[in-house]
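A.B. asks: The residues making up each chain are set out below.
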Amino acid sequence: MSMGELTRPDFPILRRVVNGHPIAFLDSAASSQKPASVIEAISRYYGQSHANVHRSIHTLGEEATELYEAARDAVRGFIGARAREEVVFTRGTTEGVNMIAQAVGRTLGPGDEIIVTEMEHHSNLIPWQMLCRDRGARLRAVPVLDGAHLDLAAFDRLLAGRPRVVAVTHVSNVLGTINPVAELARKARAAGALVLVDGAQAVPHLPVDVAALGADFYVFSGHKMLGPTGIGVLYGRREVLEALEPAWGGGEMIKEVWIDHAQWNDLPWRFEPGTPPIAAAVGLQAAVEYLDKLGMTRVAGHEQALTAMCLEALRAIPAVTLYGPENPELKGAVVAFNVQGLHPHDGAALLDQRGIAVRAGHHCAQPLMKRLGIAGTLRASFSVYTTAEDVERLAAAVGALGDDL
Amino acid sequence: MECRLVDGRLADARFTGDSCAIAAASADLSIELALGRPVEEVHRLGTADVLERLEADIRPSRMKCVALPLGVLQGALAGKEVAR
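Protein chains in written order, with the working numbering: chain A, 1 to 405; chain B, 1001 to 1084.
Hint data in this document are derived by calculation from the structure and do not stem from the laboratory.
Where a beta carbon is used, it is the ideal one built from N, C-alpha and C, also for glycine.
Treat each hint with caution, since some may be false.
If you want a taste of the chain B side facing chain A, the calculated C-beta under 8 Å gives, among others [said to hold, decoys possible]:
1. F1015
2. G1017
3. D1018
4. S1019
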């Protein structure tokens, strides 16, 4: 049995019938579905162990704290961080990027440069735009070549401007391109820049070892990796986090407070003001354990096979235009495409009538859409529970759309 | 959206666009609804009027596709008045 067939029964929502068809959920890059173990972990936490963390001297408070901190250790192991101090819980990728943009931003001034790429999700672009506007810094973008890959020669040239920050996505949420982030991080750090990698589309699909990648910051979301919404992770290299002033203030991020000043708490809590998403952290741990049991190398293999199959099936339909790398080995688990003469929103609505859920639109990557010269695309994306049958149904339905036109 | 006004009435209008089918249909119907009417009356038209003509089951996520063309037409007419 394939991984999709094996795991599908673990996801209660996949038993749903949508518009008279069993659901083929091909929108996992937007948000993945959740296995019963994650749903149960959250329910058990609220039913048995909930209290605020780190401050309550009573049994429930201690249990909640233990569970929350155990989730941190589970995530640390999953992403290969050297120390638990390097794992900060956030509300998601977007919060992680904003937090770092604000913290690092305090040290930036007019004329400083920040490098992004043309394939960034808005979440790894807008916070830097806002920072540049506030500090008078300059934003530069690495172009996308051939609609698929970063222009690495242009990247090298941009580094000659001694940028302060390089912010780049690990895997494009539209093209699926897997960027050579280890190489980019090595070069950028050698040029004196801090490096932030957006791992939202990587951690759910590939084995990721943040220590080996060598970026200063690596951010991702729980809800795209079988976990709940409202939790994300900011990994930061310990030396870098130690040297950084916290972005936000509040309870729990301090050691001692006077009316006019305060002493910051140790890592990682220094970057976690306020009551954290405790239940979501517990759910994330269950998600990490689920993925770990499958093995991320096997997950990547499973999804790559589906991507290859989807690319081949869609390529055979004359009305279809595909975007991103043609080689599935260079690609994450997303396939963006258009059907000639069909607006993506109409395509998605027609597929929904057959119980097939895909994403349609600009995918929060408008500069990339402008680069490709299109308003939007359809996008099918895969996860552990995706089956060959899901992909076959998509291809058949898209083929029929093409025939209708 | 291009409009021609004669004596304060919408005498002719046409649109060009790269859009989904619902927005295209709505643009067509919005023009049909508005043609011949005095400008003030066109401004009183709403999404509900277009929906009634559209006679289709529109999901909440597609309501803005329905609403956009009439809004553009009204905006164009408002701009014209301001310019005058």
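A.B. asks: So, for every hint listed, does it hold in this structure?
C.D. replies: Status of the hints after comparison with the structure:
no.	hint	result
1	F1015	violated, 15 Å
2	G1017	violated, 10 Å
3	D1018	holds, 6 Å
4	S1019	holds, 6 Å
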